[in-house]
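Got chain A; can you put chain B on it based on the hints?
Read off the chains here:
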Amino acid sequence: MVLLSTDILIFLLLALAIGYALYARKHEHLRAPWSLVLRSKVGISCMVVLSFYILVGLLDSVHFHPTTKNGAPTGDVISLFDHLVTPLREQQEKTYSAPFAAHLYSKESIDLPDGGQIRGYPRLQWGGAHLEDPQQMRLADILSRTLAGAFEGLLIWLIIAAAFVARLASRESCSIGRLLHRLLDGRSEIPWHVMLYTLAIMLVLTFIALNLATHYHIMGTDKVGEDVFYQALKSIRTGLVIGTLTTLVMLPAAVLLGIMAGYFRGWVDDVIQYIYTTLSSIPGVLLIAAAILMLQVYMSNHADEFNSLVERADLRLLFLCLILGVTSWTGLCRLLRGEAMKLRETDYVQAATAFGVSHFTIITRHILPNVMHIVLISLVLDFSGLVLAEAVLSYVNIGVDPTMNSWGNMINSARMEMAREPVVWWSLVAALLFMFTLVLSANLFSDVVRDAFDPRLRQGK
Amino acid sequence: MSDLLLRVSNLKTVIGSGDSPVRVVDGLDLEIRRGETFTLLGESGCGKSMSALSIMRLLPMGGHIIDGTVELDGVDLLKLPEQEMRRVRGGRMAMIFQEPMTSLNPVMSVGKQIAESVQLHDNLRGAAITKRVVELLDDVGIPDPERRAQEYPHQLSGGMKQRVMIAMALAGRPELLIADEPTTALDVTIQAQVLELMGRLKREYGMAILQITHDLGVVAESSDHLAVMYAGQVVERASCRGFFNKPLHPYSQKLFDSLPTEQKRDRPLSVIKGTVPPLDSQFIGCRFADRCDHVFDRCRSEVPQWDLLSEGQGVRCHLYDQIDPKVGTLCLPTETVVEPCEQEKRDKPTLLSVSDLKVHFPIYKGLFKRTVGAVKAVDGLSLAIKEGRTLALVGESGCGKTTVGKAILQLIRPTAGSAKFDGDELTQLSRSALRTRRRDMQIIFQDPVSSMNPRMLVGDIVAEGMVAQSIGVDHADRQERVERLLEQVGLPVSAINRYPHEFSGGQRQRICIARALAVNPRLIICDEPTSALDVSVQAQILNLLKSLQSELGLSYLFITHNISVVAYLAHEVAVMYLGRIVEQGTVEEVLQTPAHPYTQALLSAVPVPDPERAKERIHLQGDMPSPAVPPVGCHFHPRCPQATDLCKQAYPDRVVLSDTHTVYCIHTER
Numbered sequence: 001m002v003l004l005s006t007d008i009l010i011f012l013l014l015a016l017a018i019g020y021a022l023y024a025r026k027h028e029h030l031r032a033p034w035s036l037v038l039r040s041k042v043g044i045s046c047m048v049v050l051s052f053y054i055l056v057g058l059l060d061s062v063h064f065h066p067t068t069k070n071g072a073p074t075g076d077v078i079s080l081f082d083h084l085v086t087p088l089r090e091q092q093e094k095t096y097s098a099p100f101a102a103h104l105y106s107k108e109s110i111d112l113p114d115g116g117q118i119r120g121y122p123r124l125q126w127g128g129a130h131l132e133d134p135q136q137m138r139l140a141d142i143l144s145r146t147l148a149g150a151f152e153g154l155l156i157w158l159i160i161a162a163a164f165v166a167r168l169a170s171r172e173s174c175s176i177g178r179l180l181h182r183l184l185d186g187r188s189e190i191p192w193h194v195m196l197y198t199l200a201i202m203l204v205l206t207f208i209a210l211n212l213a214t215h216y217h218i219m220g221t222d223k224v225g226e227d228v229f230y231q232a233l234k235s236i237r238t239g240l241v242i243g244t245l246t247t248l249v250m251l252p253a254a255v256l257l258g259i260m261a262g263y264f265r266g267w268v269d270d271v272i273q274y275i276y277t278t279l280s281s282i283p284g285v286l287l288i289a290a291a292i293l294m295l296q297v298y299m300s301n302h303a304d305e306f307n308s309l310v311e312r313a314d315l316r317l318l319f320l321c322l323i324l325g326v327t328s329w330t331g332l333c334r335l336l337r338g339e340a341m342k343l344r345e346t347d348y349v350q351a352a353t354a355f356g357v358s359h360f361t362i363i364t365r366h367i368l369p370n371v372m373h374i375v376l377i378s379l380v381l382d383f384s385g386l387v388l389a390e391a392v393l394s395y396v397n398i399g400v401d402p403t404m405n406s407w408g409n410m411i412n413s414a415r416m417e418m419a420r421e422p423v424v425w426w427s428l429v430a431a432l433l434f435m436f437t438l439v440l441s442a443n444l445f446s447d448v449v450r451d452a453f454d455p456r457l458r459q460g461k
Numbered sequence: 001m002s003d004l005l006l007r008v009s010n011l012k013t014v015i016g017s018g019d020s021p022v023r024v025v026d027g028l029d030l031e032i033r034r035g036e037t038f039t040l041l042g043e044s045g046c047g048k049s050m051s052a053l054s055i056m057r058l059l060p061m062g063g064h065i066i067d068g069t070v071e072l073d074g075v076d077l078l079k080l081p082e083q084e085m086r087r088v089r090g091g092r093m094a095m096i097f098q099e100p101m102t103s104l105n106p107v108m109s110v111g112k113q114i115a116e117s118v119q120l121h122d123n124l125r126g127a128a129i130t131k132r133v134v135e136l137l138d139d140v141g142i143p144d145p146e147r148r149a150q151e152y153p154h155q156l157s158g159g160m161k162q163r164v165m166i167a168m169a170l171a172g173r174p175e176l177l178i179a180d181e182p183t184t185a186l187d188v189t190i191q192a193q194v195l196e197l198m199g200r201l202k203r204e205y206g207m208a209i210l211q212i213t214h215d216l217g218v219v220a221e222s223s224d225h226l227a228v229m230y231a232g233q234v235v236e237r238a239s240c241r242g243f244f245n246k247p248l249h250p251y252s253q254k255l256f257d258s259l260p261t262e263q264k265r266d267r268p269l270s271v272i273k274g275t276v277p278p279l280d281s282q283f284i285g286c287r288f289a290d291r292c293d294h295v296f297d298r299c300r301s302e303v304p305q306w307d308l309l310s311e312g313q314g315v316r317c318h319l320y321d322q323i324d325p326k327v328g329t330l331c332l333p334t335e336t337v338v339e340p341c342e343q344e345k346r347d348k349p350t351l352l353s354v355s356d357l358k359v360h361f362p363i364y365k366g367l368f369k370r371t372v373g374a375v376k377a378v379d380g381l382s383l384a385i386k387e388g389r390t391l392a393l394v395g396e397s398g399c400g401k402t403t404v405g406k407a408i409l410q411l412i413r414p415t416a417g418s419a420k421f422d423g424d425e426l427t428q429l430s431r432s433a434l435r436t437r438r439r440d441m442q443i444i445f446q447d448p449v450s451s452m453n454p455r456m457l458v459g460d461i462v463a464e465g466m467v468a469q470s471i472g473v474d475h476a477d478r479q480e481r482v483e484r485l486l487e488q489v490g491l492p493v494s495a496i497n498r499y500p501h502e503f504s505g506g507q508r509q510r511i512c513i514a515r516a517l518a519v520n521p522r523l524i525i526c527d528e529p530t531s532a533l534d535v536s537v538q539a540q541i542l543n544l545l546k547s548l549q550s551e552l553g554l555s556y557l558f559i560t561h562n563i564s565v566v567a568y569l570a571h572e573v574a575v576m577y578l579g580r581i582v583e584q585g586t587v588e589e590v591l592q593t594p595a596h597p598y599t600q601a602l603l604s605a606v607p608v609p610d611p612e613r614a615k616e617r618i619h620l621q622g623d624m625p626s627p628a629v630p631p632v633g634c635h636f637h638p639r640c641p642q643a644t645d646l647c648k649q650a651y652p653d654r655v656v657l658s659d660t661h662t663v664y665c666i667h668t669e670r
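As they're listed, the protein sequences go chains A and B. Last residue of the first sequence? That's 461 in this note's numbering, and every number before it is there in order. Last residue of the second sequence? That's 670 in this note's numbering, and every number before it is there in order.
Next up, chain A with everything else stripped away, as it sits in the complex (with noise of 0.2 Å):
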């Protein structure tokens, strides 16, 4: 077991909003809100194809040393998600390849059985090298394997499905058969119609890529051989994790020094506002080139210090996230400053100071839990900025390390890529079509967010 930074930073976060839903589950004030999501059917969507992201982020985020065959531990560093997908990792090929070729994308000379030599494009070493006869045989091989991962997909969603179903029959104690009318009548509280059905398109797209990715590259392999599928299902974690952690990293000072400045007022609100002036006067872009440069320079220096190259992106990436943080907090802390300043001439805030309550008791109790919402409704709204900050920080190549994936490292090595003829194009395919369904559903569930936590759009329902 090896535990990056980032790493307890994110079953940090995880334990949070664990926490932070048994907490809502008890208060109703917070249940309300969170039901009204669930009861959009596109929220309920949302959260469906946004927990596959999770789900993989999280297992990608349990390190560990793997073991030789014969149990002597090695020096790499490799995740649980890396091993489950063990064959994507390992089947490299030598260069370019398109989506589910069988031979290489550029043409080298192959030595023939006899000797001879002829120029061509060789058959890939992973890449439908089951496939004697690819011309012939791979359409066919592709549709069966489509339609067995379909079809195994939808197994397990029956199975998944029927489970739900009856656990919901016996929770809310009615018949099976009548809660099924119910639902495909689209007549429940809940939407969960919509959620089976989110649910079984993700797990037949998913079950498709399964049976099909350990045959062929599905989304082509780039310059090394590396499959780009791989490449994009492991930069699931650093977008995520830049979307979430910077927000962790600056929600403590915003909120704080927004509701102090709100609260106190005086020369206190006086510094706090000169601090936050300051900061967002500076570009953003410029302070974290700066700070990424010089912790490069730090990084190659003390090169010693890091036991292996996952350590040393790792780390860069926990910079970045500070430095974005630090970047970034300054509107969330002008929101919370102007609520701060409207809930201390509230009558409640009032009648508590002529209690004599302390200022202490009054933020945490008073001001604190009336504010949550906005803060809550901006980490929504933040996370899916946050992911196409990194996109266009890598691109400028002050992102993430060159050696983590990530999307915006997958676009910057397209750059060249588009330019090559003839044109490489799925890599630059394969990372915005997850970064835009990352980024699309967790928009969209965002403004479910707002519209169930904002007070003012709640009282015309």
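Fair warning: there could be bad hints in the mix.
[Stated by the list, open to error] Straight-line distance between alpha carbons at most 20 Å, and here's what the computed SDA-like set of lysine to any residue pairs gives: (1) B/LYS348 / B/THR660; (2) A/LYS26 / B/ILE496; (3) A/LYS342 / B/SER450; (4) B/LYS648 / B/THR660; (5) B/LYS273 / B/ASP297; (6) B/LYS369 / A/TYR274; (7) A/LYS342 / B/ARG455; (8) A/LYS94 / A/VAL423; (9) A/LYS342 / B/ILE412; (10) A/LYS26 / B/ARG455; (11) B/LYS365 / A/ASP269; (12) B/LYS369 / A/VAL271; (13) B/LYS386 / B/LEU548; (14) A/LYS26 / B/ASP460; (15) A/LYS26 / A/LEU16; (16) B/LYS365 / A/ASP270; (17) B/LYS369 / A/GLN273; (18) B/LYS420 / B/LEU383; (19) B/LYS369 / A/ASP270; (20) B/LYS365 / B/SER626; (21) B/LYS79 / B/SER117; (22) A/LYS26 / B/GLY459; (23) A/LYS342 / B/ASP447; (24) A/LYS94 / A/ALA129; (25) B/LYS348 / B/THR586; (26) B/LYS369 / A/ASP269; (27) B/LYS369 / A/VAL268; (28) B/LYS131 / B/SER117; (29) B/LYS79 / B/PRO60; (30) A/LYS26 / B/PRO60; (31) A/LYS94 / A/TRP425.
The set of hints was computed from the structure by calculation and includes no laboratory data.
The following block gives chain B in isolation, referenced to the frame of chain A:
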């Protein structure tokens, strides 16, 4: 052309659909004649506003009319296509709303906003529009209309804005003006101006007015006919005079009984038990049955039908099914147990004495935030409260009443002056000493919704002060005390584990009172505690405050603008104008023989729920000046009917009329 303008019959409006839609209007019948003012009277949640919106076909999302007809001059409005309806709205019918502050667009000059509606209805162009706008503004009594037309809403006072709203409504020369609580948000002196204006316009334009209000006083002042609404239905319909002579429905009678007046000082006000039933429930029998004192078996099993009694007076009550002698006996006031809850003792020790209190809010301007002046919210105010007594601080909005309350509690630090509580100078106390002192003084706010943290349980809210003041040994002890307090203010113990939003306005105010009582205060500052509540709920809260005073010997500083509450509750009265007290004395002295012209005007502007009592009304011109630049000399002289040149010279000295009665006016003779 018939005399009858609007006839609504069997109008039914629901909000929402599905199994249990909310039936906000359930079978409304009414008739309005040309040139008359018809009033819909009722407490909040009775469907008054929804009735008006249904007539205008302006229902909010999810609301729809399911049955009935609305005939304006013989045309069924409900059958008109939307395009024609749009011409009727504003053209033949216009509407003004309760909140003039939010009904005007803040980034358009008022002239332009009126011009918009002028253009819609008159085929005018260019200068003709401007002329018509000025004419309209002049009609609604806005001085200097040419200049005012250029101004923006924020430059106008509340009363002015309401006049502008009326001018906009008049632009289409409507035959029917629907006024939804047009004066509720305004001060009494401004309310009197607006009511008088509406009466004048009604005569000049020959319109009919459908007025919606909850205020019996306003009804008596202005209407010809009225209908009392309860739970979506009209329960009584009568001419104004007939109604005030002899209200028939038990609900109407209760409304009268729950009004606080001076005559009822010695006994608790009569209250209507329970609350208005939810409108999505199925009604069997009379909707008022659960709250009625005269309920009998038939009320619960059979829906009362409409009974037409003499001269257009009708009632929906089983008691009047047969015209029987019961009618006579019914109108006797229901005598509750009379307990004299007050002993006349004047020589009690002084608990709080405030002298020369000043609260100035500096006005900053410019790049370096120089102080260029100050809003003198409270400017040299002195008062004293004796133990176990109630001092009412009366004044219009913006005169600094609330600031006085907060400054005494040191929630706002006063700029100068002293506030002595039981010998301690509050303004000089150290932070920790003040913190312990706070248990003796508590405050109850106007809005029971915003005065409780919506994220806390009622039990925690009530216990908050005890925790802060370390009253009670442990959690269990405090919990027990909370239960006792809730019982004391008449709430079920089960309230502890519920959230504030689960309670009605009156119940929430009770929770606030319980919270204040939790620390055993000796003085409670009540900042308009009943002005957000309905009359019947107000009666409950006033009763509670009164009984708590006699049980616990509390002192109250009662901040209010409601004179009838003062007459019912207070021992002494201080009248405030623009940050200063202009008159002070016992309640009899001030209310019976007001000496200051402002007090006289204020008292005469209060609408009295009795159309027979003709009153000499003193009209005040204009609005209260800004406390940033108070007028030189007597603050009141620009509006005072008795002002002379002498008044502009200097602020008048204190004139002592008796041991307790003082006034600041040079025209007063000793």
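So, going through the hints one by one against the coordinates:
no. : hint                : verdict
1   : B/LYS348 / B/THR660 : holds, 14 Å
2   : A/LYS26 / B/ILE496  : holds, 16 Å
3   : A/LYS342 / B/SER450 : holds, 12 Å
4   : B/LYS648 / B/THR660 : violated, 27 Å
5   : B/LYS273 / B/ASP297 : holds, 18 Å
6   : B/LYS369 / A/TYR274 : holds, 16 Å
7   : A/LYS342 / B/ARG455 : holds, 16 Å
8   : A/LYS94 / A/VAL423  : holds, 18 Å
9   : A/LYS342 / B/ILE412 : holds, 16 Å
10  : A/LYS26 / B/ARG455  : holds, 12 Å
11  : B/LYS365 / A/ASP269 : holds, 19 Å
12  : B/LYS369 / A/VAL271 : holds, 16 Å
13  : B/LYS386 / B/LEU548 : holds, 16 Å
14  : A/LYS26 / B/ASP460  : holds, 15 Å
15  : A/LYS26 / A/LEU16   : holds, 16 Å
16  : B/LYS365 / A/ASP270 : holds, 17 Å
17  : B/LYS369 / A/GLN273 : holds, 16 Å
18  : B/LYS420 / B/LEU383 : holds, 11 Å
19  : B/LYS369 / A/ASP270 : holds, 13 Å
20  : B/LYS365 / B/SER626 : holds, 17 Å
21  : B/LYS79 / B/SER117  : violated, 25 Å
22  : A/LYS26 / B/GLY459  : holds, 16 Å
23  : A/LYS342 / B/ASP447 : holds, 16 Å
24  : A/LYS94 / A/ALA129  : holds, 14 Å
25  : B/LYS348 / B/THR586 : holds, 15 Å
26  : B/LYS369 / A/ASP269 : holds, 15 Å
27  : B/LYS369 / A/VAL268 : holds, 17 Å
28  : B/LYS131 / B/SER117 : holds, 14 Å
29  : B/LYS79 / B/PRO60   : holds, 19 Å
30  : A/LYS26 / B/PRO60   : violated, 34 Å
31  : A/LYS94 / A/TRP425  : holds, 18 Å
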